[in-house]
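Enquirer: Residue-level listing of the chains:
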Amino acid sequence: MRLGYFLLFLLLISCGPGYKNKAFEKLSSADKIKFEKYFIQGRDLYKTNCLSCHQKNGQGLKKLIPPLAGSDYLKNNQAKAAQLIMDGAWETIRVNGVDYKPTMPAHKHLTALEVAEILTYINNSWGNEYGLVDGNKAAEYLKRF
Amino acid sequence: MKLILFLSGVTAIFFISCSDSKPKKLPILGQSEYVETATGTDTIYHEIKPFSFIDQDSTIITNDTYKGKIYVTDFFFTTCPSICPLMKIQLLRVYDKYKDNPEVGILSHSIDPEYDDVKVLKDYAERLGVEKGMWHFVTGDKDKIYDMAQTSYYIGVRDDGSFEHSGKFALVDKERHIRGVYDGTDEKSVDKLLTDMEALLKEYHTK
Chain A
6 MRLGYFLLFL LLISCGPGYK NKAFEKLSSA DKIKFEKYFI QGRDLYKTNC
56 LSCHQKNGQG LKKLIPPLAG SDYLKNNQAK AAQLIMDGAW ETIRVNGVDY
106 KPTMPAHKHL TALEVAEILT YINNSWGNEY GLVDGNKAAE YLKRF
Chain B
-18 MKLILFLSGV TAIFFISCSD SKPKKLPILG QSEYVETATG TDTIYHEIKP
32 FSFIDQDSTI ITNDTYKGKI YVTDFFFTTC PSICPLMKIQ LLRVYDKYKD
82 NPEVGILSHS IDPEYDDVKV LKDYAERLGV EKGMWHFVTG DKDKIYDMAQ
132 TSYYIGVRDD GSFEHSGKFA LVDKERHIRG VYDGTDEKSV DKLLTDMEAL
182 LKEYHTK
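If you're matching them up, the sequences are chains A and B in order.
Residues in the first sequence are numbered from 6 upward in steps of one, following the working numbering.
Residues in the second sequence are numbered from -18 upward in steps of one, following the working numbering.
Treat the hints loosely; a few may be bogus.
[Stated by the list, open to error] Here are some, though not all, of the chain B residues that point toward chain A, as calculated from beta-carbon distances under 7 Å:
1. I35
2. T46
3. T60
4. P66
5. A106
6. R108
7. G110
8. L182
These aren't lab readings, by the way, just hints derived from the structure by calculation.
Ideal Cβ placement from N, Cα and C applies to all residues, glycine included.
In isolation and in its complexed conformation, chain A is listed as follows (with noise of 0.2 Å):
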C-alpha cells in the first residue's frame, strides 16, 4: 500500500511539469522535444543569470525591477526581449503600465541558443504562454539590432 502512493507520487511529480501550456500543445512532436530541451537548459541559464534580478517567481523587484511574468512587453517584443538580454538594457522601458529605468547588463557570453533557451523558459513559467524560441529564430532576432 505504502508503495503503491510511493509510485503515485512518482507518478506526479514526473507528469506534472507545469510548463504542457496551451502554446505547447500547439506544437509538433519534434518540436515539443525540443521545447522541453529548451525550457530545462533555460531555467539553468535564467538561475545563474536573471534569477537574483528577475526573482524565481518572476516578478521583478517593486517598480525598480519589471516583472517576466505576465509581462506584456516580453509578450509583445520577442526579438527585442532577445536584444535586451543579450546587450543589456539600460533605456526607460513599459512593462504593464510601469515606466521602469533598468540597469540590466550585458549578457555577451550568451549565444543565440542560449538566448532562444531563456527566452523559452520565461515564456512559459509563471502562467505566460509565449511558446517557443528556437536558436535559429534567436539568432535572426538578434541580427536586427
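Chain B: place on chain A using the hints.
Expert: Okay, now just chain B, sitting in the frame of chain A:
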C-alpha cells in the same frame, strides 16, 4: 595603573552564532578591550564610530538619527546587477514588519556614492515603495563610507572597478554595538535577523 589587554580571536567565534531555539541575550560582536580600574576590570566593547551622511531626502544622517533605535545596515548601489535586488527584497521584510516602530531603523549606504546622488537615491527609494522615514538611503564621501563598512560594521566592500560587496547585514543596538551579522541574500539568515531583532527589543523592554 592602566593596563589595556587586547583580546583577539573573539571576533571570529562570535560571528558564527549558534541557532538556539531558546531566546537569550545576543552577543556583542567585535574586538573588545579590557581595562583594569581601581575597582576591577571594565570591558570596552567595539562601537560604531560617529558618521555623517546625506539621505534621499537631503537630510543629514548621523548616529543621532538612530538614537534610541536599533537598526539594520547594509552596503549596496542602485545599479547593482547581482546581489543587491536580493538584499533589498530581504530588507523589505524588515521594513514591512517595523516601519511603524519608532525603535527600529534601517540604514542603506551606497558604495557608489558618485553615481548614487540624492536624486538617484530618492527615485530608488520611491520605486522600492519606501515612504516612511525609518529607512535612510545614504550617500556621501566614498572613503568614509568604505571606512564605516570595513572598520565599524565589519562588512566587506571593495571598489576594484566593479564594486565588490559581501551582501551582509549588521544589526546595531541602541548603544551602537553590533549584535549580529547576517547574509542579506539568504532568506533563512534574514529569518534569524528578524528573530534576533525581537530578542534585542525585548532586552530593552525587560530592563
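Enquirer: Which of the numbered hints are not met once you compare them with the structure shown?
Expert: 1, 2, 5, 8
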